[in-house]
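Chemist: Residue-level listing of the chains:
4 protein chains.
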Amino acid sequence: MQAALVGVTGYAGMILYQLLKGHPNVKKIHLYDHKLTESAPLSTVAPVFKSESKPVFPYDPQQIMTDNDVVFFATSAGVTSKLSQPYLANGFPVIDLSGDMRLNDAGDYQKWYHKPAAPENLMRQAQYGLAEFESARGQTYVANPGCYATATLLGLAPLVQQHLIAVDSIVVDAKSGTSGAGKKLSTTTHFTEANDNLQIYKPNQHQHIPEIVQELKNWDPTISTIQFMTTLLPITRGIMSTIYARLNHGVDQATILKAYHDTYDDQPFVHVTDTDLPTIKQVIGTNNCDIGLAVNSQTGFVMVASVIDNMLKGAAGQAVQNLNQLFNYEPTAGLDLQPTLI
Amino acid sequence: MQAALVGVTGYAGMILYQLLKGHPNVKKIHLYDHKLTESAPLSTVAPVFKSESKPVFPYDPQQIMTDNDVVFFATSAGVTSKLSQPYLANGFPVIDLSGDMRLNDAGDYQKWYHKPAAPENLMRQAQYGLAEFESARGQTYVANPGCYATATLLGLAPLVQQHLIAVDSIVVDAKSGTSGAGKKLSTTTHFTEANDNLQIYKPNQHQHIPEIVQELKNWDPTISTIQFMTTLLPITRGIMSTIYARLNHGVDQATILKAYHDTYDDQPFVHVTDTDLPTIKQVIGTNNCDIGLAVNSQTGFVMVASVIDNMLKGAAGQAVQNLNQLFNYEPTAGLDLQPTLI
Amino acid sequence: MQAALVGVTGYAGMILYQLLKGHPNVKKIHLYDHKLTESAPLSTVAPVFKSESKPVFPYDPQQIMTDNDVVFFATSAGVTSKLSQPYLANGFPVIDLSGDMRLNDAGDYQKWYHKPAAPENLMRQAQYGLAEFESARGQTYVANPGCYATATLLGLAPLVQQHLIAVDSIVVDAKSGTSGAGKKLSTTTHFTEANDNLQIYKPNQHQHIPEIVQELKNWDPTISTIQFMTTLLPITRGIMSTIYARLNHGVDQATILKAYHDTYDDQPFVHVTDTDLPTIKQVIGTNNCDIGLAVNSQTGFVMVASVIDNMLKGAAGQAVQNLNQLFNYEPTAGLDLQPTLI
Amino acid sequence: MQAALVGVTGYAGMILYQLLKGHPNVKKIHLYDHKLTESAPLSTVAPVFKSESKPVFPYDPQQIMTDNDVVFFATSAGVTSKLSQPYLANGFPVIDLSGDMRLNDAGDYQKWYHKPAAPENLMRQAQYGLAEFESARGQTYVANPGCYATATLLGLAPLVQQHLIAVDSIVVDAKSGTSGAGKKLSTTTHFTEANDNLQIYKPNQHQHIPEIVQELKNWDPTISTIQFMTTLLPITRGIMSTIYARLNHGVDQATILKAYHDTYDDQPFVHVTDTDLPTIKQVIGTNNCDIGLAVNSQTGFVMVASVIDNMLKGAAGQAVQNLNQLFNYEPTAGLDLQPTLI
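Chains as they are written, first to last, in the UniProt record's numbering: chain P, 1 to 342; chain A, 1 to 342; chain S, 1 to 342; chain W, 1 to 342.
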């Protein structure tokens, strides 16, 4: 199969390109950039790939659909909201790593993204692709989940789906490395400011909040909101979503562990580490989400720690999971990665 | 006045020694080390002070009481539980930076510290010294608060004292730099393991939990426990205590801000930054506790971020605050410090 | 005395402002900003000083000379080259932290700074202010040395002045934290790029090279150039200049150590640590330059490690040293700083 | 083929195990640990591999030779010096990642390693395995090079082999991340000490010096020593060896670049980046050595920057290169790795 990738210059695009190169079913990758007006070698467009002279083509949806079997968008928010129409109209498969088509509601998009939304009928045609819960098989347009949303939803799923917690007690304290903020320069991610520091940002305003709530509602319609806070860590890669919730009456550690194992033991990428709490480092370099927990019998709360590599399970890796579902490949094809370890 | 310092080799002791050297009312500092059998120059005992030939004396309580007006203990847990008796018996002022005398209950101490406790009657004579709430004036034995306890209690005080939140909804996600773990080598604080990582540790078992609960109970006797988790950051200095709680009916942001300002506007070291959330870096190098907050009207929760320099407000700085109260010095004497900034 | 400070928003300006506030002889500080058109509170101009409502005035040389006894410029390169004339014309004392007036040769300035130079006659009137070697006493315009130049020149001085090495064998491998690059955002100092990395930059092109050579020539006119390379460290503050040179015949470790001690034992801020090699951390927070060395009897080379806090001895601290010399204050006035230690 | 690995618990052993698992020609890996007395699951012996129940066997040379085609030692210095005899006696292939058999001279070993050496006749039978210059084909015992030695020798080879520089002017300022120091805890690698710091260590005493000199002598017998210094960076992985040398008369940048390209253009893992100086980050995750340079026509020096991932090209990766040579596999088998990028 042949795959198109739009946006190889951003961090997620770079990593996705590496994964696709290692994917056994992807025979050819065509690169496109919506800022180019004529073709240029990859080594020029993305100097990090210095030895690769492969061309990057200007963006052309017709060409993309003619020459490829699927297109990945690793573009910033605000791009695919404008570009999604022809693919949906032609039933051509898209895997969109941006947040543009994750929400079903145009008003929500505008409120949280501060940008014009795609037409709402298109938004509704896109399917949210949290790979462990929604198969991309048979879909046209897969909205690949956000990094924070992935770690948080995987951490919450068994608790919410099996009604083990008081949903109005959920508190999520999520932390991310700086790569999540992308290549764009900012004071917050200036080394002198970010190093030796911890910075809460976008309090109650992070654009992954509506995405999390939308998915939680599918699992439990009584949920209408969530207390969720994002903090910038002085590390490059990785997310930890630390989740707190009050256990429902009669729920104990054994019940909870069983729920997590029932949910994830068949999943190749989600590992339940029981009461051995995972560190961020143990998942870096992999598409894994490791989840551990601690029940506090005094307070009646459970704390769940869910960790991912934001560039892999939180972006490019999950995009490949969705590719594998779309085309009925082995679930782990292209994702048999070993952790960085140190 | 003349001050004795026992334990100049640990991180808190080093910083305390620096503060005492800069304190306008401290005329002379005598150093003691309970591991020495004979005097040795400071440059040998603590090579970080390479140019100082000042003697460090073996530990001798009689000598300490004869030659000084106060003694500071910057020793590890388990030391002052054995040594506190003569000072209490003689009414000689002690400021104890260790956790040995913070709790009133010997059973609690043994449960959380995994060490034999001091006799409970002595434990009860020691006064917990959270400087903004308990004056050390007139006290004999001041138990200087723990670093996490300081950040957390200062962050919670207005909410709990003024009954603005549902106390059973409190969740504290606290983060600390590695210096809080001291000089003792461990795998957790080995650079290769700690760098680029985030590690939750001692889940529901941190020894500052009973200290926090004991103090909260003074403010609201209905509190019997707290959901509190500690995470190791890949930074050297600083603590952020991120506190979540559900607001009581009718409490809004204005009410809360007023409560914080009423509580702290007269305090020289606690700064309420309103909705401008503080970063760890902004307090490093100072004895300040900066507190900001974000009310979420959708969830009905408030998030409070309370940051301190764990070595200063979380240890040596607060010890000097307690000294100033004990001896009726200016509250800011010796603590007029400027932030590191960058 | 009253001091004017132009440029409080940059890193060096912030630190200098802190030092001046703590200086016993500075009664009043007036702040100016050449980008302002009308006065504004400091908390607005430099939000890092959130609690300070002190006014920052628009730049006005006449006002500065009327209201102050000295002016500090903590502005970027290219500013004082245009502004220096009135001060020199009026004999009004200036301490200039920028590189604009350090070189004597306008052509050199243009070559290395890629900007128009000040008139060469003004450049020659400015005195280079490496505080251990040129007294600012009696000067009008002091060009405060660059950070790399300070560490390197102090490390080289005894070797060059006393002709202990083959000057054409000198190799300097200098490393700096990111704060040296200032607040300006760049890809090189983006956290995601700088963290976990080491980046050589401006190879053979750093603008401190001609400044170092100019000063070395004063000490040994046979020197015409120097092999000097700069590397960006993933730390915030601090410089280490690692210097290598071949020893002249008959020079051994004892000779060298004597030379360093003869040169620096009377200097309050330069500490010769002999063969105990200094780390960057040990000088952070101080105006010190610590220098240690290792003689290799097999290769006949000496390696000298010279470390400074680039913000203090490398910028604001040395500026205060120059102030003290200009006004005949105690050499350590305002600079009695304790190291950060951890 | 079947491979034995002794020492999977150390950092290099962990990474080597990962590489062998991904090697197309390695059908089975047997793990051994010389500290075990009976078999234990890998998840217990090296908890980082939590999901692997594969057995780790006690060390038994006879068993190793019976069940495998090659043995890798990823053990600390001082182990294989005692264990090498049976393999050499039986002509059984060994790839030894430790430094025990790299030197030919027992006296040198004892001087630099401070441990008893292997019998010198055995030391001479071991072949130093800098993969770009000595083929392991037909060898029995390959001494895999040290990390610093690899970066430095690859950086120096064209200059020394083609006599382009004055060899007595060579100065190497080498820097490494903390993983090079291994899992062993030490104050130097305690996070609180190593973070925000730069520490020169083992001045003129690093055990890789004699190994570098021994190899350089093969290339130019007039070399008898080298000026080489090691510095600990506050990063986890990676080495940069910054090399300075005076160019011989008539040698210019074009000559040098040609020499590097002639030497390395056929090598799959060494990339000459010309005057685009490499960063450490660009090789992390790969077996590459990237080399760039800057000629200074004023000083007549060349600076060469040579970067590697110390865990891969500096240890486990080069060990696999040697495996490929020993068994005549594709040179890049098992080493087709993509850089971490961010």
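Please keep in mind that the hints were generated in silico from the structure rather than gathered at the bench.
Just so we're clear, the structure is a prediction, and the values are computed from it rather than from any experiment.
Some clues are possibly wrong.
It does not matter which identical chain is meant; a pair holds if it fits inside one copy or across any two.
[What the hints assert, rightly or not] In the DSS-like style, the derived pairs of lysine-lysine whose C-alpha atoms are separated by at most 25 Å in a straight line are:
| no. | residue 1 | residue 2 |
| --- | --- | --- |
| 1 | K258 | K35 |
| 2 | K50 | K21 |
| 3 | K258 | K21 |
| 4 | K217 | K82 |
| 5 | K21 | K217 |
| 6 | K202 | K258 |
| 7 | K115 | K183 |
| 8 | K258 | K50 |
| 9 | K50 | K202 |
| 10 | K21 | K82 |
| 11 | K111 | K28 |
| 12 | K217 | K35 |
| 13 | K202 | K184 |
| 14 | K183 | K202 |
| 15 | K202 | K21 |
| 16 | K50 | K111 |
| 17 | K21 | K54 |
Chemist: Could you tell me which of the numbered hints above are not met by this structure, giving the numbers in increasing order?
Modeler: Of the numbered hints, 1, 3, 4, 5, 10, 11, 12, 15, 16 do not hold.
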